[in-house]
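**Q** Top line first, the protein sequences correspond to chains U and F.
Residues in the first sequence are numbered from 1236 upward in steps of one, following the working numbering.
Residues in the second sequence are numbered from 1270 upward in steps of one, following the working numbering.
Check before you lean on any hint, since a few could be wrong.
A partial selection of chain F residues facing chain U, derived with a Cβ cut-off under 8 Å [what the hints assert, rightly or not]: (1) HIS1336; (2) VAL1343; (3) ALA1420; (4) GLY1423.
Straight-line Cα separation of at most 20 Å, EDC-like style, residue types lysine to aspartate or glutamate; simulated pairs [stated by the list, open to error]: (5) U:LYS1544 to F:ASP1326; (6) U:LYS1544 to F:GLU1331; (7) U:LYS1631 to U:GLU1604.
Some residues of chain U that are not near chain F, with every Cβ distance over 10 Å (derived) [to be verified]: (8) GLY1273; (9) GLY1354; (10) ILE1382; (11) ARG1407; (12) TYR1417; (13) ASP1538; (14) GLU1581; (15) TYR1601; (16) PHE1712; (17) VAL1720; (18) GLY1739.
These aren't lab readings, by the way, just hints derived from the structure by calculation.
Here the structure is a predicted model, which means the values were calculated and not measured.
Ideal Cβ positions, reconstructed from N, Cα and C, are used throughout, including at glycine.
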Amino acid sequence: MELSGAKILVESLKREGVEYIFGLNGGAAMPIFDALYGETGVKLIPMRHEQGCSHAADGYARATGNVGVALATSGPGATNLVTGIATAYMDSIPMVAITGQVFTHYIGSDAFQECDVIGVTRPICKHSYLIQSSDEVADVVAEAFHIAKTGKPGPVIIDIAKDIQMHETLFRYPETVNIRSYKPQVDGDPGLVSQAAALIKNAKRPIIYAGGGVVLANASEELRQLTLKTGIPITVTLMGLGAFPETHPLAMEMPGMHGSCCANYAFTDADLVIAVGARFDDRVTGDLSKFAPNAKKIHIDIDPSCIGKNVPIDVPIVGDAKNVLTALNKQVSTANIDPWRAQIQEWKQKYPFEYEQKSDKVMPQYVIEQIYEHYSDAIVVGDVGQHQMWAAQYFKFTEPRQWLNSGGLGTMGFSLPAAIGAQLGCPDKTVVNINGDGSYIMTIQELVPAITLKLPLKIFIINNMYLGMVRQWQELFHGKRYSAVDYHDNPDFALLAQAFGATGIRVEHTEDVRPALQKAKGITDGPVVIDFIVDEEENVFPMVPAGAGLGDVVRGLS
Amino acid sequence: MNPEERHIFSVLVENRFGVLARVAGLFSGRGFNIDSLNVAETHDKSISQITLVTHGDAQIIEQIYQHLNRLIDVIEVTDLSTGTHVERELVLIKIGAKPHERAEILQVAEVFRARVVDVTTTSLALEITGDEGKLKAAIEVFDSYGILELARTGKIAMMRGFDS
Ligand SMILES: Cc1cc2nc3c(=O)[nH]c(=O)nc-3n(C[C@H](O)[C@H](O)[C@H](O)COP(=O)(O)OP(=O)(O)OC[C@H]3O[C@@H](n4cnc5c(N)ncnc54)[C@H](O)[C@@H]3O)c2cc1C
Ligand SMILES: Cc1ncc(C[n+]2csc(CCOP(=O)(O)OP(=O)(O)O)c2C)c(N)n1
Ligand SMILES: [Mg+2]
């Protein structure tokens, strides 16, 4: 059957099981959008900005584990996708971004809306394809999806010129993909797994340090088994939250810069660190010379280039977390570490996340606690800043893929479009968006598709009238010189929501927090925006100051 | 700082456009150094070989190796410096040479087993093949006659013996 390149593209996406494409139309992509017109097998979701397309595709992928798909035109459409592609790349999220390109014979001529997308995205994607003929389309799509979702996942770019979209050729979808130069290693070396088991057996002060890789590998069950079978205390990074239930007695909660004192002290005193799908990020380790100085280190990761990058590793195990943990779990038993567990419990009880009611204003942490009480089962999509850290600290995540946020790139504006993707991917779940006043306005335009699609998003703005995270650093390290962080000129977000066509509620008093959250529960035919006006100068603690070791974490409260 | 070492990588890649940019981008984006680079098709037209000379401490070399391997189009990476290997480079040198100087230059050329590839009334062009030490010595000597132009291929290398 002869089909146009654009039709082949759409048919190929259907073969890959794609449900949604987040797109914004334009000249060089028009044949693709035309092929999607009236299409029911795969649904086109029009967004209001291409950054929204890539973040929505990303949010869909994080929530479901499937590959998210974004679509934009050439030039400015493609460059607008870039932030979302980089965001997905840093957090290893499977995504395929499709960009229209100018006619083949114009490429390289500075044609109207031409941009070397392959060049621009080279360092921020797992792989990319400039399609050279309509005969390649089906094979490229199959390869792109294979690469995006296997091994260490990541975004793959497909750039396709307009004439190739229009040219007709035979459609045949490949049954299998075989890339001779790409064979990710999924099974861990058995010898090394045994070495790991031996270290675990003999450790006196072991901890498990799990990260986003456990979520990506769908290995939470295996992680739980390892933890419960051995009884070893566990800390989970910002990217892994929910991979192990934070409500469990062995959970030490998040480590690192704004993590729990317990987890940071545990790293400092541990004699064994078992890292699973975590990449020893500087936000977690603090000063490397003081990081887990007495501990042997086991590192399980699918990406060999992540092992030993920041911290020397004693037992490096390259493989998929699910496979490696399954093998490891067969060789471990209860660890004989009662004194260590007692020490952990003492730290946990002595240094919980806590805050003071500093003024008669609503405290931001209180809002998060109440959101948790009202929506403990929801998927929570956080943005970037203080509110993100408070959400990580005060919401107790119990399931993988329950907490979605941009950890690696820290992209403000991520959360609202990502929440749209998450809600479409998980229609039976409640999706809560915890946003900041600065972050929200960066992608506020995506409220429009959320309303059009009647998505019952709960959009909660922790409004401190500041770029709070930056203001905190200015307060602590720049002598309170509040340069370019004052957001008292914010619009009234409740009124603005109403102007968009959503429900908008403004909350200024502590006693109104619960009723507002309760009311939001009842709104199911579209998004509700609650603007929580909170204490303006509250800071995030605990905090490991830049350059300090984890043992020097500043608790904030006496 | 750990001691810096010089390493030669042989990188087999898919013979597609854009692959070299990915390899080069990996170096520029991470602040790794490329001292010499050579790219050419192998006997299998679908595969190109990149020979790359770089330097860094052991940790950087390990990172370079891992990151090269991580590129989707890279089929195989070999760090030739870990075994015994042969290493060659070809250089073309054009020297200002009046007719009366020619004999002396040709004598020197003989010592380096250089071949004459062009002669004019005012210049002489030579082709020299060798490893790094030999080429360095040759260039130094010919520079005393005045080098007008110099072009080199970048190193190519392979492991000695047979290794499946
Ligand atoms: C304002 C701000 C503050 C922050 N503060 C903190 C903080 O206090 N604490 C904190 O923890 N983070 C914090 N972060 C996040 C931090 O920047 C990093 O994003 C995060 O620590 C990285 O998480 P991770 O180590 O789990 O790795 P991820 O980025 O989730 O990477 C996953 C790892 O797993 C591997 N992997 C992927 N797939 C598999 C598989 N199938 N099997 C095995 N391995 C796999 C990957 O190769 C990679 O090494 C903060 C971010 C922001 C924006
Ligand atoms: C796109 C982008 N620009 C700038 C930053 C730097 N930055 C990190 S946190 C932050 C403040 C976020 O403000 P807001 O959304 O109001 O959250 P708050 O910290 O006040 O809770 C800024 C500007 C960033 N992370 N992303
Ligand atoms: Mg703010």
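**Q** Decide, hint by hint, whether the structure agrees.
**A** Here is what the structure says about each hint:
At about 5 Å, the closest approach between the beta carbon of F:HIS1336 and any beta carbon in chain U falls short of 8 Å, and the interface hint on this residue holds. Given hint, F:VAL1343 at the interface with chain U, holds; its Cβ is 6 Å from that chain's nearest Cβ, closer than 8 Å. For the restraint placing F:ALA1420 at the interface with chain U, the shortest Cβ-Cβ distance is roughly 27 Å, beyond the 8 Å limit, so the hint is violated. Given the 8 Å rule on beta carbons, the hint for F:GLY1423 is violated: about 22 Å separates it from the nearest Cβ of chain U.
For the hint linking U:LYS1544 to F:ASP1326, the alpha-carbon distance of about 13 Å falls within 20 Å, and the restraint holds. Taking the CA atoms of U:LYS1544 and F:GLU1331, the gap is about 9 Å. The hint holds against a cut of 20 Å. In summary, the hint linking U:LYS1631 to U:GLU1604 is supported, as the alpha carbons are separated by about 9 Å, within the 20 Å threshold. Every CB of chain F lies more than 10 Å from the CB of U:GLY1273, the least distance being 35 Å, so the non-interface label holds.
In this structure U:GLY1354 is not separated from chain F by more than 10 Å, as the shortest Cβ-Cβ distance comes to only about 7 Å. The Cβ of U:ILE1382 sits about 6 Å from the closest Cβ of chain F, inside the 10 Å cut-off, so the non-interface label is violated. The beta carbon of U:ARG1407 is kept farther than 10 Å from every beta carbon of chain F, the shortest such distance being approximately 21 Å. Non-interface status of U:TYR1417 relative to chain F is broken: a Cβ of that chain comes within 10 Å, the nearest being about 5 Å off.
Its beta-carbon lying about 7 Å from the closest one in chain F, U:ASP1538 breaks the requirement of being farther than 10 Å from that chain. Separation of U:GLU1581 from chain F is adequate, the least Cβ-Cβ distance of about 38 Å exceeding the 10 Å criterion. Distance check on U:TYR1601: its Cβ is at least 44 Å (rounded) from any Cβ of chain F, clearing the 10 Å threshold; non-interface status holds. For U:PHE1712, the condition that its CB be more than 10 Å from all CB atoms of chain F holds, with the nearest at approximately 27 Å.
Interface exclusion of U:VAL1720 from chain F stands, the closest Cβ pair being 31 Å apart, more than 10 Å. Non-interface call for U:GLY1739 relative to chain F: holds, since the shortest CB-CB distance, roughly 44 Å, exceeds 10 Å.
When held up to the earlier numbered hints, the structure conflicts with 3, 4, 9, 10, 12 and 13 and fits the remainder.
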